[in-house]
Each structure stands twice: as structure tokens, then as C-alpha cells.
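Chemist: Sequence:
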Amino acid sequence: MESVEILEADLKRKDHQKAVVELIDAYAMDPMGNGGPLPVEVKTALIPGLMNHPTTLIFLAFSDGEAIGIAACFIGFSTFAARPLVNVHDLAVLPAHRGNGAGRLLLAGVEQKARELGCCKVTLEVLENNRRARTIYEAAGFSQAHYQAEAGGALLYAKPL
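Numbering (this note's numbering), first residue to last: 228 to 388.
Watch out, some of these pointers could steer you wrong.
Listed below are the simulated DSBU-like cross-link pairs for lysine-lysine, each with C-alpha atoms no more than 30 angstroms apart in a straight line [unchecked claim]:
#1 Lys270 <-> Lys241
#2 Lys239 <-> Lys348
#3 Lys239 <-> Lys340
#4 Lys270 <-> Lys245
#5 Lys270 <-> Lys340
#6 Lys340 <-> Lys241
#7 Lys270 <-> Lys386
#8 Lys348 <-> Lys386
#9 Lys386 <-> Lys241
#10 Lys239 <-> Lys270
Hints are computed from structural coordinates only; laboratory data are not their basis.
From just these sequences and the hints, can you work out the full model?
Modeler: Spelled out as C-alpha cells, the structure:
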């Protein structure tokens, strides 16, 4: 098993910027991602957009100096708990490095930071058919969101603008 190091990204560092763009682009091309590469204009706007977003929190996984995984997160707020929360917006590991624990280590890094920030929870969404990711999330203590059992599970809705 390869050695994996998790770092909180410093978006002022050019090497971290490059890693973020490359990893998000690789994730976008994955069938469990967006199914195609990021458009050039998105690649160009990604780092400035993340740097200007006040709640950006990104973790990178490295193996032998190579960036192999990413957890792109944003800090939110729970009105029901009156405390912050962390949402894992994207979690991805390059295909050649899957199965080495990088995903679990990224989640552990996110959870540690969330605890340091006094967050009430960490949230994420996952495609129903992404069994591999769901297994990792469930092993890390995540479960489908049910706010009130009789109301059923939470669903994610989106409206493109």
C-alpha cells in the first residue's frame, strides 16, 4: 500500500492550484463525476472563484509528491443546530490510486477540520449507483440523511441558472 499524505490546500501556491484544477478535471471526466472534461473557461475561472469564495476548504492527497485525490468542501451553517457544518462538494481519487485508503484519509482530514471549527456535522451527496463511494462513506460513519424518520430520506434538488 502506498503512503498517502493529506494537506489542507493553500490556493496561493501554484502547485496546489495546478493540483486542484487537474484533480477536479479528472473527476469531471469520471462516469461518477460529470461524464466529460471541464470546459476551458471553467478551468480558468476555478481557482479565482474558489479563492474568492469565503467558505472554501480544500484538502489534497499526495503520494510520492503526486497529487492523487481531492476533497473540495464549503463551510455552511445549520439553523437547527446554530453551528457551522462542512459540506464535501467533491471527493475524488485518481483511478490508478483508488483502493489505497486515500478517500478514507481525505474524509478523516475533513472531519478533523470540521471538529476544530466546532461544526455540528459533515454532509455530502453521492450518486445512488456509486457503490464504491457509498461503502467508503458508510464505513466512515455517514448515512442517508433522515431529519424525521416519518418524513423519509432527504433528496437533493437542483435548478440550473
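Chemist: Now tell me if each hint is right for this structure.
Modeler: We went through each hint and held it up to the structure:
no., hint, verdict
1, Lys270 <-> Lys241, "14 angstroms, holds"
2, Lys239 <-> Lys348, "28 angstroms, holds"
3, Lys239 <-> Lys340, "20 angstroms, holds"
4, Lys270 <-> Lys245, "10 angstroms, holds"
5, Lys270 <-> Lys340, "27 angstroms, holds"
6, Lys340 <-> Lys241, "23 angstroms, holds"
7, Lys270 <-> Lys386, "22 angstroms, holds"
8, Lys348 <-> Lys386, "25 angstroms, holds"
9, Lys386 <-> Lys241, "33 angstroms, violated"
10, Lys239 <-> Lys270, "16 angstroms, holds"
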